[in-house]
Amino acid sequence: DAGVIQSPRHEVTEMGQEVTLRCKPISGHNSLFWYRQTMMRGLELLIYFNNNVPIDDSGMPEDRFSAKMPNASFSALKIQPSEPRDSAVYFCASSLMDRVQPQHFGDGTRLSIL
Amino acid sequence: AQSVAQPEDQVNVAEGNPLTVKCTYSVSGNPYLFWYVQYPNRGLQFLLKYITGDNLVKGSYGFEAEFNKSQTSFHLKKPSALVSDSALYFCAVRAYTGGFKTIFGAGTRLFVKA
Numbered sequence: 001d002a003g004v005i006q007s008p009r010h011e012v013t014e015m016g017q018e019v020t021l022r023c024k025p026i027s028g029h030n031s032l033f034w035y036r037q038t039m040m041r042g043l044e045l046l047i048y049f050n051n052n053v054p055i056d057d058s059g060m061p062e063d064r065f066s067a068k069m070p071n072a073s074f075s076a077l078k079i080q081p082s083e084p085r086d087s088a089v090y091f092c093a094s095s096l097m098d099r100v101q102p103q104h105f106g107d108g109t110r111l112s113i114l
Numbered sequence: 001a002q003s004v005a006q007p008e009d010q011v012n013v014a015e016g017n018p019l020t021v022k023c024t025y026s027v028s029g030n031p032y033l034f035w036y037v038q039y040p041n042r043g044l045q046f047l048l049k050y051i052t053g054d055n056l057v058k059g060s061y062g063f064e065a066e067f068n069k070s071q072t073s074f075h076l077k078k079p080s081a082l083v084s085d086s087a088l089y090f091c092a093v094r095a096y097t098g099g100f101k102t103i104f105g106a107g108t109r110l111f112v113k114a
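Protein sequence lines, in the order shown, are assigned to chains A and B.
Just so you know, we're using my numbering here: the first sequence kicks off at 1 and counts up by one.
Just so you know, we're using my numbering here: the second sequence kicks off at 1 and counts up by one.
Quick caveat, the hints were computed from the structure, so don't treat them as lab data.
Here the structure is a predicted model, which is why all the values come from computation and not from measurement.
Heads up, the beta-carbon is just placed ideally off N, CA and C, and yes, glycines get one too.
Hints should not be assumed to be uniformly reliable.
Listed below are several chain B residues computed to face chain A (Cβ distance under 7 Å; list not exhaustive) [to be verified]:
| no. | residue |
| --- | --- |
| 1 | V27 |
| 2 | F34 |
| 3 | L44 |
| 4 | F100 |
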């Protein structure tokens with residue numbers, strides 16, 4: 001079974017550049033989540049969607065971050081302009097929209113902003 | 001406020017010995033509790049969940065967890081640890097905060113020594 005697919009797996013770019021992280025959720029899942037993981041702050045929920053609609057974006061750090069989900073099989077997280085403090089591992093997860101269902105995580109994008 | 005606490009940053013155990021990774025929670029209403037494991041350079045993987053019913057829940061890779069309502073705990077256990085169990089373990093609770101949201105603990109790193 002195909003799991004959650006994230007691309008790229010690694011991204012190194014210079015400060016000020018635009019960064020786009022991509023996610024393909026598991027087919028049939030109707031909830032999608034973006035997380036950021038760092039040593040200092042642990043795992044942080046940035047935003048989540050139900051049925052392609054953003055429900056809670058209170059975790060998005062600032063206006064430089066945006067996310068979209070134009071259809072059920074694709075989501076993108078964009079950072080513009082990027083800053084060194086954005087360096088982290090970004091995870092996408094999907095699940096069925098049911099309180100008892102677990103989330104399925106992709107293997108993440110390791111982002112380094114120089 | 002809804003919260004999850006993993007009081008130990010790290011747990012060390014010898015191979016073959018039993019292991020326990022602790023988790024306590026604070027939620028209003030009935031909790032839906034989960035354990036996930038993260039191996040290096042991978043996303044979180046679902047291990048087991050408690051929704052209702054039997055307080056002892058069995059999951060993947062020989063892990064189990066015991067739900068204790070009076071102590072608001074959901075400790076992860078395994079009777080005999082393997083070196084390959086060394087990983088980062090996250091406890092999570094799904095709780096209603098104006099919508100159902102998953103709250104993750106800070107994680108506990110498990111080291112199993114041969």
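Structure-based check of all given hints:
1. For V27 of chain B, the interface hint is violated, the least distance from its beta-carbon to any beta-carbon of chain A being 12 Å, above 7 Å.
2. Against a cut-off of 7 Å between C-beta atoms, the interface hint on F34 of chain B holds, since the closest Cβ of chain A lies about 6 Å away.
3. Residue-level restraint check for L44 of chain B holds (minimum Cβ-Cβ distance to chain A is 5 Å; threshold 7 Å).
4. Against a cut-off of 7 Å between C-beta atoms, the interface hint on F100 of chain B holds, since the closest Cβ of chain A lies about 5 Å away.
Hint violations for this structure: number 1 only, all remaining hints satisfied.
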